Each structure stands twice: as structure tokens, then as C-alpha cells.
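A.B. asks: Here the structure of chain H is known, so what remains is to put chain R in place on it, guided by the hints.
Here are the chains, one letter per residue:
Protein chains: 2
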Amino acid sequence: MNAPIEQYDDQIHKNMANAIRALSMDAVQKANSGHPGMPMGMADVATVLFSKFLRFDPKWPTWPGRDRFVLSAGHGSMLIYSLLHLTGYEHPTMEDIKNFRQLHSPTAGHPEFGECPGVETTTGPLGQGLATSVGMAIAERLANTEFGGDLFDYHTYVIAGDGCLMEGVSQEAISLAGHLKLGKMVVLWDDNSISIDGKTDLSTSEDMHMRFEAAGWHVQSVDGHDEEAIETAIELAREDERPSLIACRTVIGFGAPNKQGTSATHGSPLGADEIAAARVELGWPHEPFVIPEDVLTNWRKVGTAGAKLTASWKKKFDGLDAAKKADLERRLNKDLPAGFDKAIDDYKAKLAAEPQKVATRKASQMALEVINGVLPETIGGSADLTGSNLTLTKGMGAITADDFSGRYMYYGIREFEMCAAMNGIALSNMHIPYGGTFLVFTDYARPAIRLAALMKQRAIYVMTHDSIGLGEDGPTHQPIEHLASLRAMPNLYVFRPADVVETAECWALALKAKETPSVLSLTRQNLPQLRAEFTAENLCAKGGYILREATGGKPKVVLIGTGSEVEIAAKARDILEAEGIATRLVSMPSTELFDVQDAAYKASVLPADALKASIEAASTFGWQRYTGLDGVNIGIDSFGASAPAEQLYDHFGVTAEALVAAVKNKL
Amino acid sequence: MNAPIEQYDDQIHKNMANAIRALSMDAVQKANSGHPGMPMGMADVATVLFSKFLRFDPKWPTWPGRDRFVLSAGHGSMLIYSLLHLTGYEHPTMEDIKNFRQLHSPTAGHPEFGECPGVETTTGPLGQGLATSVGMAIAERLANTEFGGDLFDYHTYVIAGDGCLMEGVSQEAISLAGHLKLGKMVVLWDDNSISIDGKTDLSTSEDMHMRFEAAGWHVQSVDGHDEEAIETAIELAREDERPSLIACRTVIGFGAPNKQGTSATHGSPLGADEIAAARVELGWPHEPFVIPEDVLTNWRKVGTAGAKLTASWKKKFDGLDAAKKADLERRLNKDLPAGFDKAIDDYKAKLAAEPQKVATRKASQMALEVINGVLPETIGGSADLTGSNLTLTKGMGAITADDFSGRYMYYGIREFEMCAAMNGIALSNMHIPYGGTFLVFTDYARPAIRLAALMKQRAIYVMTHDSIGLGEDGPTHQPIEHLASLRAMPNLYVFRPADVVETAECWALALKAKETPSVLSLTRQNLPQLRAEFTAENLCAKGGYILREATGGKPKVVLIGTGSEVEIAAKARDILEAEGIATRLVSMPSTELFDVQDAAYKASVLPADALKASIEAASTFGWQRYTGLDGVNIGIDSFGASAPAEQLYDHFGVTAEALVAAVKNKL
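First to last, the sequence lines map onto chains H and R.
When we follow full-length UniProt numbering, the leftmost residue of the first sequence carries the number 1, and every step to the right adds one.
When we follow full-length UniProt numbering, the leftmost residue of the second sequence carries the number 1, and every step to the right adds one.
For the record, the hints were derived by calculation from the structure and aren't laboratory data.
Any given hint could turn out to be false.
One copy or any two copies: either way a pair holds, since identical chains are not told apart in the list.
[To be verified] Lysine-lysine pairs mimicking DSSO-like chemistry, simulated, CA-CA at most 27 Å apart: (1) Lys602 / Lys666; (2) Lys199 / Lys394; (3) Lys362 / Lys199; (4) Lys514 / Lys324; (5) Lys362 / Lys30; (6) Lys342 / Lys324; (7) Lys181 / Lys199; (8) Lys664 / Lys512; (9) Lys456 / Lys59; (10) Lys316 / Lys542; (11) Lys59 / Lys98; (12) Lys362 / Lys542; (13) Lys554 / Lys514; (14) Lys602 / Lys664.
For clarity, every value in this text was computed on a predicted model and none was experimentally measured.
Just chain H, with the same shape it has in the complex:
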């Protein structure tokens, strides 16, 4: 492999690893906050991985062909910051390391994607680094199949701690990785038997080897402080066709003579005395933040070795045929193909000519038939609800262990891993992942949705059965608080289209949102097409717009609906108008996009002097910011019930009649 250092002997290794240990303990001490134990324990493993195996180039951190390194145990962030600094990335500089955990420094408490080059994914919420890595490894297989092994043939290495492996999502992740035989995944488990509360035997007795073997993994165990054993194990892991776990038995806080091997090193600075003692123990007499020339030189050799790899890759890339190269560049830039807008417009024109009364989940599938035809990069999937979410379109083909030429993932009943894998796929920039389940089960996947929002990744969640309108499945399956709780999340679009046209428009917006994930909230039940006339303009782009104007153009009442309740609001408007009450109907498919319009537009849609009434078959929480305290909010602030959908709408009072009565009561 790389092996850029010719005379790589014990002492060289030891010094290189100690550089990580010293930077870690010193940075945590200076910040007076952080986790020194893990970087000190895993310094040997990380040194072997980076110096002997990892293919990367600090000068081109986003090189598409690079190996991925994910620190799933993100609290040990000084490990990756040390590695990135030592190998010569532009950041973190030594100044950045001295500013560990300080405002505006790229060295955040946990590794943040986008803040620091070389950080492949944000970690810290345990288990998710591992879970996201599975998506990276899937992306590699997909790109390898589509563009060839010359360009895409990378490994995904993960350092995971005991905490990662205790999280449930890790089981979903290893099960899916084993099923897909992701042989280029190598998980280095920091097997130190220590968690924050103390020894791991306080809370677990699992046989981790057997567990990974049960999931179809290749498993080894090594002394995590024996660099030769580590090297051999990684070699064997790379040779095996299965994904690999290497249990690295380490001493947490290795080198801190009085605290190592205990939870005292886990989440607090070691203290000046212990650090001084560790310097003696490790044979590292250098001042804090000083790396001796020879050690730094060796580390920098590791970094500069990457230039050859990227040069060779660039040559192959340049040798691609023009169309393929352009397609690849387009995708890496997250651009949509030239024909995209026209395809959507043609489809909208067709709908105007032949209106459709369908559920918006069906409308989503119809839109996807168009989209998947013009976008080769969409990767669909569902958490075992394909026929309900309607996420599969013609000819996509299943992605299987033996064949990655398909474009559809059967994620299994693993909502969390589905969304985490989607993050990993999105991070490659080669594909746009979308995945489906019921809206209520966003709860199962919420931590991964949050990471997508935080990392600004274009993941698209096809969340069907989005209200009591799903009917008989009852309260466990009926979302109530979910729309509000997702709208409260920063940098997430929640689209709730009202008909087949809005569904197509919302899909287009989601695909064009390069830095924002999107939830598509879709119905099980049929909805009439409310948008009869073709407009080239994407009316949903402003989040909320006037769907039906009040007679005379000056509304006394403004009704605001979303999704399936726009139809109900339209009926209410007809009733009010028939009674001579000038009533405007506003469709609000995305409150987030409406909120960022200018004040004049917002006031033009929701005039201050009109009575404003919202209707949504969900919690009313949050709607007061459009209706004010004197408006009307029709919704459901309790859990749902099991019954046919129409009866539930009556039962919970989400009806045109109820809306009319509430409005008239306020006039």
C-alpha cells in the first residue's frame, strides 16, 4: 500500500502515534473540555491505518476516489484533528488545534462535516458514523458499477467505540452491510471495555464477535497497541470479501500512567500533573503543541504520498469519454441535467390537460417516473413499505449483493439505518437518495434526519400516510405532532403538497435544494387536482401562495391549508363566498419557504387586516405565527383513532363545516 515511510520501525511508529496522543491530551487540557482517552487509546491503530493503508490527498480532500475514514466515536475528535493536521491538510492548523472547541474554529467538539476538510461526516451522536458509513460503502459499489473500478474503488474505514455498538442503529447497519456483502468496509472497534459510566460490563455482556459473524461479517481481534498485528489484520480484512470487524483491544488513555484504563480518561482533561506524568511514560519530552521535525516529516510524507494517487486518478478521469465525464462532473456539482425543467413542465402540462384525482403518494410515484427517467443519479428505496410508499418506478432494478447496477434499495424494516445510509450516499455527491416510510416513523429515523439537516445533505424522505387520513391503522400510525416537530428543525424542508401538480413541484424543489434535505409528506387517500391550469412557474417555490382569490380581490378571510386539507379549505371557501364573505384560499406546501420570502410578499398573501384560519389534520402547534392570537386553528391536538378515514375527519372536526363555523364565530 502507501507505505511512504521507508524505514518504518518501532520507534518511528511510536513517535508518530505519540504525536497524536500529545496533541490530544494537550488540546483537551487547553480547552478544559473534551475526551482524551479515545485518541490516546486508538493512536496506534490510527497511525497504522493512515500511514499504511488510507488513500487520501490532503491537497484534494474531496477527491472522489479517496478512501473514506469515519470516526464514528466522534467524541474522540482530537484523533482526527491530529491526523488531519499531521498529514498536512490546510486545516486544522496548529492554531486551530490550540483553539480546539472554540468559536469559529474548525476543531469543533465533535467532527463537523463542512467545517473541517477531511471530516467525511459529522459524528458524535453515537452509532451514526458507522450507520452512515454503510451508505458510503454502498455509494462506492454503485459508482464502481456505473463508472468503473479505475475511478471508484475505495475502502470505507470506521473507528467505532463501545457506545456506537450498543446503539440499536449499529445492528441495522451491520445487518444491512452484511446482507449487501460490503467487503470494502473495515470497522476498527476500539475495544477498551470502558464507557462513561465505568466498565462496559456494567451494562453489556454481548459476544461482539459472534454478533458480527451472525450478520455475515469477517471478524478478527488484535492487540490495538501492536502495530504489526494491526497491519496484518487490516490486510486480512481487505482481502476478505465480507465486511470486516477488527476488535482492537486497547487501553483507554494509553500513556497516562495513573488514569489509563479507566473512565477517568473518557470525558475530561487529564490535568496538568497527569499530563506531565504521561509525557514521561510515553517518552515524549516536547512542549505542548510542539511536534519535533522528524516526527512531523514522517507524518507529512504520509500526506504527500497522496499526490501520486490523485494525479493518476485525474488522468483516468480526463480519459473518460466526454459525455460520461460531463455527467460525472455535473453530478459531483449537484447540478440537475439540462432537460430536467422541461421534463417537469411537460408533465405539468399533461396534468393540466388530463387532471388526475390520486393520492399524493401516487402523485409522487408519477412524478418519480418522470424524474427517474431524466436523472440517472436517483437511488430510491423504502423501509419495507414499497407498495405503500410507492417509491419504486419502472425498471429501477433492485440493488443486491451481487448486482449494484440497480437503483432501488430494499432497506428492510430499518428506518434509522435507511436515513443514515441515505446520508452516506448523499455525501458521495454521486447520487441523490430518496427513501420512504410512513410519516409517523420519522420518529425512528429522526437522529439521521437531523444529521442530514446539519450536514446540508440533499436527502429526500418520502413520508406517506401523513395524517388520520390513513384510517384504520390507528393512533400508533397516525402522525399528529410530526409536521410541527419536523418544521421546528433547522434546515429541513417539509413539503405537504395538496394535489398531483403541487407534488411534482415539491419534488422539483427538493431535488434543487442542494444543501437542504426534504420531507415529502404525502397522503394515502385520493385528492382532487386543484391546480387546473398549467403554470410554468413553480408556485410552490414561495412556500405559500394564493390558490383561489377572494371575490373582489380583497379578502375578509384567508384560509390556509396544507396537503389533504386544502381540498377541505376550498370547500369552506366556497361556502363562505356563497354567504358573501370574501374568502381567499392559500395553499402552504412549505412553511419554511414561505418564511424566507420578503415581508411584502408575505403580507400580500396573508394581509394583516384579514381573519386568518389554518387547517391541517395535525397538531395546531406553530400555526399561530400565521394566524396570530385572534385567528382560527383547526387541527388535532390529541392522538388519533382507528376507523375509516372519513369518519375520523368528522370525529376530529377537521371539516369544511367546522372551519366555516369557527371562522364565522370570529367575524
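C.D. replies: Same frame as chain H, now just chain R:
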């Protein structure tokens, strides 16, 4: 065991099982909605379990000593409804079964705790029945240790499907159960190799036996249609000291000649023709919803056999010494002990005498020292953040596989399972579970929190590090949208106390909320004691109250703060008052409790004619319902950052100065 039927031969068994099959396919057909495949596949297993092992009494569904039966694969709800009807529970009646999935019927689409006697926990969200069962099995061990095996010696039987076992939480559950050696748990896995999308090999290749063995379980495999093999397996499972998995190889939709063994039977009615064919195949010529006398008699014998068990139990219960019996009755009624209010009052008086500046997480621990002293039924715990959540008090003792006399659970890094197990513990009514993690990680546990709210269970979540005030850990650890997203959930109290006194009051409210789970949102950082004077009244009980009145009593401005921002609002009030602007300070520890006060009280706290300004270091989403559209909302509508806490408050503008400026801008 029970074996109430003397001549239990093949034909008797077959008919009893077919009664379940017939009711299931007919009820689903009549509802035109539901999942017939699972009840038909597992009818044999369930018949053996109920007729030969399960200790229950339909006349006393809440008998504390009963075995627990949990249908984790809740979509197969007709299985449990059939069993409950056939064994003679008051509900479901045959009428209820004919009204499967209809409004106001106890036979909801998925089994709902509290809607139908004999349903031990709400299931449907996959994996959670199993995850909750672990808590039930823990509760048995705790009660067994505390009150003796004469009264508490029950088994927990679970039917789980492939979907349950693919969910990550199932791994957390089996890992914890194996660690605690919960030998009285028996999981009957409906091993039918079919999920909604098709064959399970579409998405999984796990060796389930090995996986459970890795978690310390006893594993067997049987033909799920061979009643003798099932019986033997359950016997062996009961004998083994480890928790047991029995893989029951079944044919989904057993008896439907053309559809059995396929996903076509999973989630849709079989259709009239196939049902007719199944009647022939099964040898069940009876009309829909007709159970022949002899079959019903045999089933009812199973039910009536329970009377002997409960009579014997009642005798032992009556033989308890008076104090122990009273304590047990009190706990089963969810009442607090007589001394509780006085203990809290004494503690509040002490705080008035000696004010404390502490973090509310520390205040929580101080309150718990008092509470755990007077309440023997609290069971504390943390998902590996004991020293951060401060959930452990003196002398609680760890709960371990060998010793269930302790009162503290080391749940491991398993937030979801912690909250699911808390549901299982709470459902026993014998204990009040509380458990801690960081507020941001409610996302990991949200599906279980939702079930607690839906099931009206008194679980208490000690959620510390509740804002950017946690500082350096950065955006992955800083909750932003979490308060809003939890407040949007029905039947959940979110308490965010402002100081040590409010923390004690909120704890008291949470403990007294018999039918509502509570989140305690607590700071990492120190807060001054704002409540200097002792009040016997629990001021937090009204959700929001006047903490500092405006000069003259008629406020021009009302500042509303929660938790750590009340201190900031108090400073802002001082500044505004000093400038002659009459300003009231309202502390709002619980918006839910405030919302249910009468209109007069609410108007007296938040007068219509005052400018209202909210401040909370979190999403402003939802605050407009107190401030209106013309008020001020200070908060954070983006993700956080990694830095020392004070700098973050400045950086995000959550300061007294910013609040003052925003208020003056509106005046």
C-alpha cells in the same frame, strides 16, 4: 401448567387454532383492512401458549401476578383480539370483533393499551413490544425481590415478527435482557421469512440464532405448526436460566390455499374467494363470526382456569403484613406516600433559608435525594451518562443480573431501549421509572416517549444539557428544535425549571401526573435561585406564573422565559424597569400546564394589552401563541456551535441586552 383441557388432542388443538384463523380472516375481510397473515400463521403457537402456559384470568385482567403476553408484531392484532374473546374477557365481544378497526371499538387496528383489557402494551411501531417487554421482565424481578416470589413470579411472553427483529431497538433490547439474564422472558419469533415487500431475503441475511446467542440468549427452533414441538420448546425455554428465543417456523396466512406463504396475506384482506377456499382447506365450515359450541367451550375452559390462580394469589396478598400490603396497594393505585408533600415542602423551606446556585441537573439530583428517600418505588437510571445527568442518589444500588434489590439501572448507551424499558416498568404500576440522557438524544428515544404519552404512562425523562448552555460539545449535542418538538406531542409534559426551587416543584408535578409522562429539561450550567421566598403552593403547577411583577402592577411589557433564560429575562426586566418601563417577568416551566388553565388566569398572566416577549435558547417555533404576531421572540432558529457557553449566548444573541433592544424596538 394450566392444561385446563383434559383431552387435549390434535383435533381439539386444530379447531381451537382454526377459530383464531377464522376470526382473523373474517374480521379483516369485514373491515376491508388489516393483516390476516400473521394471526393465521401463529395461531398454533398462540393456542399452545395460551392453553398450556399462560397464567391469566379474564375476570381480572390487571391481576398483578399474571403472566404478560405481548404481541410485538402488533399489526397481527386479530390474533390477540381472537384470544381475548375466545378465553372470555369482557372485551372484545363478538360485536367488537365484527367492528374491528371501527371508531369507538376496543378492537383498534393495532392493539391499544387501555382500550382493550388484556392488551398489556400498545404495539404496532415495530420492535417496541419486544423492547417494552424487557421492562416488564425487569419489573417482575424487582417486585419478586421486594415482595417475594409468592406474589410476583410471572413470565413475559412475546410474539415478535421479522420486522421487530430488524429494528435496531430489538438489539438494544436483547442485549440488555441477556445482560440481566431475564430468564423469564420467552420470545416466540414468527419466523415466516415474509415481510411486506416480499421475502425477507430481499433485505436481510442475518443468522438470528447466532445473534441471540451472542446476546446471551437460549435459542431453539421449532415447526410452528407442530403443537407438541411448540409445547416442548416453551417448556425448555422456561427451564433455562437465560432469556429464550424460540424461532417458530410458520407459514404466513396458513390455511389460505393460494396465498399462504406469500406477502399477499400480510397486509390486505384475503378476499371472499380465498376465504371460502381457506374454510375448505382448514376444515372449518362455520359461518363468519360463528364459533361452534365445543370449540368455544374448550377456549373458555382455558380462561376460567385462571380463577384458581387469582384466588390463590389473593389469599397470599391478604396474608401480607399490613404495612407491606398498604404499600403495595398504594403503589398499584399510583398514589404517592402520605409523607411526600411534607418532604417536598421541608426541602423547599430549606432552600428558602439557604439559597443554592446550582445547575438544574444538580437541582434535580438534590430533589431526587429527597424523593428517593420517601418513595421506595422510584427506579433511576441513565443511558451511560450517570455523572452528567446526575440521576444516581445515595444508596440506590445497581440493578444487576445477580441482584435486583438495587434501584438504579445502568441502561448502557441505549436511549431507545431505556425509554421502552421504562414503559414496561411503568406499566407494572409497581415502580416509577426515571431515566436520563442529554435532551438532544430524546431523538433516539422518541418512538418510546410517544408510546408512553399514548399509553398514559408515568415515565420521567431526566434530560440534561438542554441548550447551547452545554457549550463545547457543539451542534450535535445542542438541542434546538427539541423543546418545540416535544411540546407538540400530545399528553407529554415538558418541564423546564428555572432554578433549584422550580426543579423540586416540577419533579413533584411529574410524580403526581399519573397518566402523563414528563420530560425534565435541565441545564448543565449553574443558575441562581430566583425563588427566594418559601411558598407552600407549587407555583409551577399552573405552568406559567408571575415571578416578578411590574412596578405598579400594570405591565407595559411581559417577558416570558423558561429554564436558564429566566435569569436572563430577569436581568432584562431590571434594565427595562430602570428605564421606567413597567415590566413583568413570567416564568413558564410548562406550556402544557399553562395552556389548560382557565382563560381568566391566562389573561391575568399575559394581558392582551401588554407587549409580550419570549426568550428561550431554542427554536422560537411555537412561541407566537403567547406573544402574538406583534410580540418579540428571542431564540435560536439555526443549529448551535462549539464554544464555551457564555460565548455562545452572545454569539446567538440570547442575552438581556438583545431582549431589551428587541422590546424597545417594538414599543
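A.B. asks: Classify it for me, Lys664 with Lys512: is the Cα-Cα distance of at most 27 Å met within a copy, between copies, both or neither?
C.D. replies: Result: close neither inside a copy nor across copies, 41 Å intra and 40 Å inter.
A.B. asks: Under a CA distance limit of 27 Å, which applies to Lys59 and Lys98: within one copy, between copies, both, or neither?
C.D. replies: Intra 22 Å, inter 70 Å, cutoff 27 Å: intra-copy only.
A.B. asks: Between the shortest in-copy and the shortest cross-copy C-alpha distance, which are at most 27 Å for Lys181 and Lys199: within, between, both, or neither?
C.D. replies: So Lys181 and Lys199 pass the 27 Å test across copies only (18 Å; inside, 33 Å).
A.B. asks: When no copy is specified for Lys362 and Lys30, does a C-alpha distance of 27 Å or less occur within a copy, between copies, both, or neither?
C.D. replies: between (57 Å within a copy, 26 Å between copies)
A.B. asks: At most 27 Å between C-alpha atoms: does Lys554 with Lys514 qualify within a copy, between copies, both, or neither?
C.D. replies: neither (38 Å within a copy, 51 Å between copies)
A.B. asks: Can you tell me if Lys316 and Lys542 fall within 27 Å by alpha carbon in one copy, between copies, both or neither?
C.D. replies: Neither. Shortest intra-copy (43 Å) and inter-copy (70 Å) distances fail the 27 Å Cα cut-off.
A.B. asks: At most 27 Å between alpha carbons: which applies to Lys342 and Lys324, within, between, both or neither?
C.D. replies: within (22 Å within a copy, 77 Å between copies)
A.B. asks: How would you label the pair Lys199, Lys394 (within, between, both, or neither) given a Cα cut-off of 27 Å?
C.D. replies: between (52 Å within a copy, 20 Å between copies)
A.B. asks: Checking Lys456 and Lys59: alpha-carbon separation at most 27 Å within a copy, between copies, both or neither?
C.D. replies: Only inside one copy: Lys456 and Lys59 sit 23 Å apart there, 57 Å across copies, limit 27 Å.
A.B. asks: Checking an output row: Lys362 and Lys199, CA cutoff 27 Å. Within, between, both or neither?
C.D. replies: between (52 Å within a copy, 24 Å between copies)
A.B. asks: With identical chains treated as interchangeable, where does the CA-CA distance between Lys602 and Lys666 reach 27 Å or less: within a copy, between copies, both, or neither?
C.D. replies: Close inside one copy (22 Å) and across copies (20 Å); limit 27 Å.
A.B. asks: Please work out whether the CA atoms of Lys514 and Lys324 approach to 27 Å or closer within one copy, between two copies, in both situations, or in neither?
C.D. replies: within (22 Å within a copy, 64 Å between copies)
The structure shown violates the earlier hints numbered 8, 10, 13.
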